[in-house]
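*Asks:* Protein chains in written order, with this note's numbering: chain A, 1 to 200; chain B, 1 to 200.
I should point out that these hints are in silico values taken from the structure, not numbers from a laboratory. Owing to the predicted nature of the structure, the values given are computational and were not obtained by experimental measurement.
Given that identical chains are not distinguished, each listed pair holds provided it fits within a single copy or across any two copies.
Keeping only pairs whose Cα atoms sit at most 20 angstroms apart, straight-line, the calculated EDC-like set for lysine to aspartate or glutamate is:
1. Lys24 x Asp92
2. Lys164 x Asp139
3. Lys198 x Glu181
4. Lys7 x Asp92
5. Lys7 x Glu66
6. Lys7 x Glu97
7. Lys7 x Asp46
Here's the letter readout for the chains.
2 protein chains.
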Amino acid sequence: MARHTPKVQRLIDALRILPSVGPKSAQRIAYQLLERNRDGGLQLADALTSAMQGVGSCQQCRTFCEQELCSICGDVSRSQSRQLCVVASSADLYAIEHTGLYNGRYFVLRGLLSPLDGIGPAQLGLDQLAAMLSQAQFDEVILATNPTVEGEATAYFVAELCRKHQVAVSRLAQGMPVGGELEYVDGNTLSYAFSGRKQV
Amino acid sequence: MARHTPKVQRLIDALRILPSVGPKSAQRIAYQLLERNRDGGLQLADALTSAMQGVGSCQQCRTFCEQELCSICGDVSRSQSRQLCVVASSADLYAIEHTGLYNGRYFVLRGLLSPLDGIGPAQLGLDQLAAMLSQAQFDEVILATNPTVEGEATAYFVAELCRKHQVAVSRLAQGMPVGGELEYVDGNTLSYAFSGRKQV
Numbered sequence: 001m002a003r004h005t006p007k008v009q010r011l012i013d014a015l016r017i018l019p020s021v022g023p024k025s026a027q028r029i030a031y032q033l034l035e036r037n038r039d040g041g042l043q044l045a046d047a048l049t050s051a052m053q054g055v056g057s058c059q060q061c062r063t064f065c066e067q068e069l070c071s072i073c074g075d076v077s078r079s080q081s082r083q084l085c086v087v088a089s090s091a092d093l094y095a096i097e098h099t100g101l102y103n104g105r106y107f108v109l110r111g112l113l114s115p116l117d118g119i120g121p122a123q124l125g126l127d128q129l130a131a132m133l134s135q136a137q138f139d140e141v142i143l144a145t146n147p148t149v150e151g152e153a154t155a156y157f158v159a160e161l162c163r164k165h166q167v168a169v170s171r172l173a174q175g176m177p178v179g180g181e182l183e184y185v186d187g188n189t190l191s192y193a194f195s196g197r198k199q200v
Numbered sequence: 001m002a003r004h005t006p007k008v009q010r011l012i013d014a015l016r017i018l019p020s021v022g023p024k025s026a027q028r029i030a031y032q033l034l035e036r037n038r039d040g041g042l043q044l045a046d047a048l049t050s051a052m053q054g055v056g057s058c059q060q061c062r063t064f065c066e067q068e069l070c071s072i073c074g075d076v077s078r079s080q081s082r083q084l085c086v087v088a089s090s091a092d093l094y095a096i097e098h099t100g101l102y103n104g105r106y107f108v109l110r111g112l113l114s115p116l117d118g119i120g121p122a123q124l125g126l127d128q129l130a131a132m133l134s135q136a137q138f139d140e141v142i143l144a145t146n147p148t149v150e151g152e153a154t155a156y157f158v159a160e161l162c163r164k165h166q167v168a169v170s171r172l173a174q175g176m177p178v179g180g181e182l183e184y185v186d187g188n189t190l191s192y193a194f195s196g197r198k199q200v
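Isolated chain A (complex conformation) (with noise of 0.2 angstroms):
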């Protein structure tokens, strides 16, 4: 029986780190790329070193970064504002900027608590985010974990932080989601939305 060729095989077993691909999405993805965009493939290889070498960190709030200070720090208008708003990665700060509400300052824990995975206090930078807090002044943090399990494990640790330097802390709002609807919301949601429920 025929087996594919080593460089082949290589590509398959390697796309296989993509989040939702199967031996067989691999090897049709391997195959559609070989037979019809040899130069796409070998600019997703070049983007993919290039991103995977050259992106590190904002030295001041972690977030993805190619110099010493991302964007946000690095804007005078923005790194003196009082609040700090905390969240778990990078995909979530650019969701929270997207919706152009939010002009202060953010901090970025790059995964939740987790003691199982290893994940504690130390791999989130929380000493980095405690000296933060007692260096600059801040007026309020928000803390836009997900409200899953973990994220509300590590929003009560972060709080806690916030609290031994005297800084007011806030949470997301939970409730029904814009467009929900109430027969297909689930009870915690729907509970949350209840006991939350503000006068009009």
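Chain A is already provided as a structure; the job is to place chain B on it using the hints.
*Replies:* Just chain B now, kept in the frame of chain A:
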């Protein structure tokens, strides 16, 4: 509003060449690799480069190959076979090899006739197939292109070529897939299965 850093943006753009990866998935993949699997990303880059640059074609059957001849054409017991199976792609070749039923030679078209996309007989290497048909003695050419419009048109074209060289031509059987249900099979397939019924 903060933007992705240039290298991250370039990676996100480059990832879009993968099938069914849109802007949102590309961003998710880029951040996932940057956050959790930089080594895997670099390995993927390396595998892509080596496959895109190092994988050529078998000089006889046109399947993907890293030497002059593929493992099938280089196999003495198979290269003397008097059966030739014509497939559209290397992936189809592996699918047939996987059944373990066929022990003859192959010819890989690497595409199907599609005049609107500029894919004519020259792109499918039909000159090379004609030369092969006149040089070697074949008893049968099996047309194993997909039973789609392009696949049927290509099969018709190749069948004409074989008739010119006085070689018998066959086509894969069409009918009910194994394990399929009459109720859910499409009308065309059912018609084929009906008109092609066999005595038991």
